[in-house]
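Put together the whole structure using the sequences plus the hints.
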Amino acid sequence: MKGSGCSEASSGGGNMNVKPAWLERLMAETFFGNCGVHQNQKKNEKNVFCLHCYLSICPHCLPSHRSHSLLQVRRYVYHDVVRLGDLEKLVDCANIQPYTINGAKVIFLNQRPQSRSFKGTANTCCTCDRILQEPFHFCSLSCKVFVSCHSMDADLFFFACFLQKVQKALLQSDVHSKSDKSPVTVADYGSQALVSFILERELPSEPFSIVAEEDSGDLRKESGQETLKRITELVNDTLASEGSDSFPTLTTDDVLAAIDNGKSEGGPVGQHWVLDPIDGTKGFVRGDQYAIALGLLHEGKVVLGVLACPNLPLASIGSNQQHSSNEVGCLFFAKVGDGAYMQTLGGSTQTRVHVWDVDNPEEASLFESFEAAHSSHDLSSSIAEKLGVKAPPVRIDSQAKYGALSRGDGAIYLRFPHKGYREKIWDHAAGSIVVTEAGGIVTDAAGNPLDFSKGKFLDVVSGIIVTNQKLMPSLLRAVKEALNEKASSL
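In case it helps, the UniProt record's numbering puts the sequence shown at residues 1 to 490.
Incorrect hints may have been included.
With a straight-line Cα cutoff of 30 Å, these simulated BS3-like cross-link-like pairs (lysine-lysine) come out [to be verified]:
#1 Lys419 <-> Lys386
#2 Lys470 <-> Lys480
#3 Lys419 <-> Lys480
#4 Lys105 <-> Lys89
#5 Lys470 <-> Lys386
#6 Lys221 <-> Lys89
#7 Lys480 <-> Lys424
#8 Lys454 <-> Lys486
#9 Lys456 <-> Lys263
#10 Lys486 <-> Lys419
#11 Lys454 <-> Lys480
#12 Lys386 <-> Lys456
#13 Lys89 <-> Lys43
#14 Lys301 <-> Lys386
#15 Lys105 <-> Lys43
Quick list of the computed label-pair ranges, beta carbon to beta carbon [what the hints assert, rightly or not]:
#16 Tyr76 <-> Glu233: 51 to 59 Å
#17 Pro449 <-> Gln350: 22 to 30 Å
#18 Arg286 <-> His354: 47 to 55 Å
#19 Glu265 <-> Leu490: 30 to 38 Å
#20 Thr351 <-> Asp129: 18 to 26 Å
#21 Lys229 <-> Gly287: 51 to 59 Å
#22 Pro248 <-> Ser474: 37 to 45 Å
#23 Leu490 <-> Gln350: 46 to 54 Å
#24 Lys263 <-> Gly447: 54 to 62 Å
#25 Asp218 <-> Arg286: 20 to 28 Å
#26 Gly287 <-> Gln350: 26 to 34 Å
#27 Thr249 <-> Leu490: 52 to 60 Å
Everything labelled a hint here was simulated from the structure, so no lab data went into it. We treat Cβ as the ideally placed atom computed from N, Cα and C, and that holds for glycine.
Structure, rendered in structure tokens:
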């Protein structure tokens, strides 16, 4: 069997799912039934999967698929299994518990729920709760695919934990400035390298494309070598802490390459990941709000978004961002047509979230950027006054605002950057789909939907506004009036 060379089969093509098309079909196939083409022949059980045709076939079909990449499926106690050596050539099998059968290591394809409940502190499958050996997280390929492709909480939890550890360790001297004067730390580069490296391993596609904030230019300079060394050490320490020996030790060149995976320009064709490794870097440095923001574009449309917000309280931040609860760390995720969900970074049960459907502006509360340099507080104040909002604004950093809005902590988000600033898609891709799938609306100041198909930048009129269906008409009128007043005063 040809176990590699799935370049044509690795791409999802027109499929909007995250997982590649061949993997989706493999999960849906039924094996060891009789082949309809060779039903009159002996030994006609379908026990081979064609990675080119996305079909289960029998041994008599093999001559017709001679030039195709094939995967042998075996049977063990009524379960479908594949040899680990064959499967790991096609997809990352890290964290899936292998089993030794007849001297060969195999991976189970489908879920194997525990036959009886177990009480105790045993290590269990993240999806179906089957008891596992340490340090594995999944009992089957299906269980890992479920987590990776429907919520991606395992990896985002991993990245968020990384950033929490780095945030505690960072000193102010770790910060230097980018061209837009926002701070960048070792964590920015380390987060991008980690996300890029793991995405490419776990959800490969051809071509693999990430539109991201950072590049390795500064790190390749002589003055950046010490920083690069620290980043590489942090990345390797984090990968090693996963407890899996499947991750190689990355070199500095590996880290640079992973960071530079983010050089894609995006656009209206194909699939592109959109990443802000630390959205809200000033908040990160202050110990306040920040987010890892990951979106997926398909043909220029955002179809999936994940926000990991390590410092966001589980309780509503409402009209007062000071909170007494020590419980922080939220993960928001949304897929087009499937709604928006929240869970704790500790992995609690997923809860569907909805925007606040308040229709009286006097009862509504408003979010805006913490930094006045990022958005005009004066203009937001004028809009709020015209709309009739009574509550003071809640000012926090990052796309955590989108997450808080999606669960009803507030009703409005206003962002009006200063003249000459161009919005980047990574600052809004993940957050916008989380809010829209929660029932909200995200537009520019003129009411136009955001267009993510133009590359790295969003061409918006004046600013970005977010609210619910009921408040949007009156909000647009207030925005128009405030902008006209501002223009006439110049």
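Structure-based check of all given hints:
Distance restraint check for Lys419 and Lys386: the Cα-Cα separation of roughly 22 Å lies within the 30 Å cut-off, and the hinted pair is therefore satisfied. Straight-line distance between C-alpha atoms of Lys470 and Lys480 comes to about 17 Å, which keeps the hinted pair within the 30 Å bound. At most 30 Å may separate the alpha-carbon atoms for a hinted pair to count; Lys419 and Lys480 meet this at roughly 17 Å. A hinted pair counts as satisfied when its Cα atoms are at most 30 Å apart, and Lys105 with Lys89 qualifies at roughly 14 Å.
In summary, the hint linking Lys470 to Lys386 is supported, as the alpha carbons are separated by about 16 Å, within the 30 Å threshold. About 35 Å separates the Cα atoms of Lys221 and Lys89, which puts this hinted pair outside 30 Å; it is violated. Taking the CA atoms of Lys480 and Lys424, the gap is near 23 Å; set against the 30 Å cutoff, the hint holds. Only pairs whose Cα atoms come within 30 Å are accepted, and Lys454 paired with Lys486 is accepted, the gap being roughly 29 Å.
Of the supplied pair hints, the one linking Lys456 and Lys263 holds, its CA atoms being roughly 10 Å apart against a limit of 30 Å. A threshold of 30 Å between alpha carbons decides the hint, and for Lys486 with Lys419 the separation of about 13 Å falls inside it, so the pair holds. Proposed proximity of Lys454 and Lys480 is supported: the alpha carbons are some 25 Å apart, at most 30 Å. Annotation: proposed proximity of Lys386 to Lys456 is violated, straight-line Cα distance about 33 Å (limit 30 Å).
Between the alpha carbons of Lys89 and Lys43 the distance comes to roughly 28 Å, so the proposed pair stays at or under 30 Å and holds. In summary, the hint linking Lys301 to Lys386 is not supported, as the alpha carbons are separated by about 33 Å, beyond the 30 Å threshold. For the suggested pair Lys105 and Lys43, the alpha carbons sit about 25 Å apart, so the restraint of at most 30 Å is met. For Tyr76 and Glu233, the hinted distance range of 51 to 59 Å is not satisfied, since their beta carbons lie about 42 Å from each other.
The hint said 22 to 30 Å for the Cβ distance between Pro449 and Gln350, and at roughly 27 Å that hint holds. Hint check: Arg286 to His354, Cβ distance near 30 Å, so the stated range 47 to 55 Å is violated. Range check, Glu265 to Leu490: about 34 Å between beta-carbon atoms, so the 30 to 38 Å window is met. Judged by the Cβ atoms, the range 18 to 26 Å given for Thr351 and Asp129 holds: they are separated by roughly 19 Å.
Between Lys229 and Gly287 the Cβ separation comes to about 25 Å, which falls outside the hinted range of 51 to 59 Å. In this structure the hint that Pro248 and Ser474 lie 37 to 45 Å apart at CB is violated, the actual value being about 56 Å. Between Leu490 and Gln350 the beta carbons are some 48 Å apart, a value that agrees with the proposed interval 46 to 54 Å. Range check, Lys263 to Gly447: about 33 Å between beta-carbon atoms, so the 54 to 62 Å window is missed.
For Asp218 and Arg286, the hinted distance range of 20 to 28 Å is satisfied, since their beta carbons lie about 22 Å from each other. A beta carbon spacing of about 28 Å between Gly287 and Gln350 agrees with the range 26 to 34 Å that was offered as a hint. Restraint check, Thr249 to Leu490: a C-beta distance of roughly 58 Å satisfies the suggested window 52 to 60 Å.
When held up to the earlier numbered hints, the structure conflicts with 6, 12, 14, 16, 18, 21, 22, 24 and fits the remainder.
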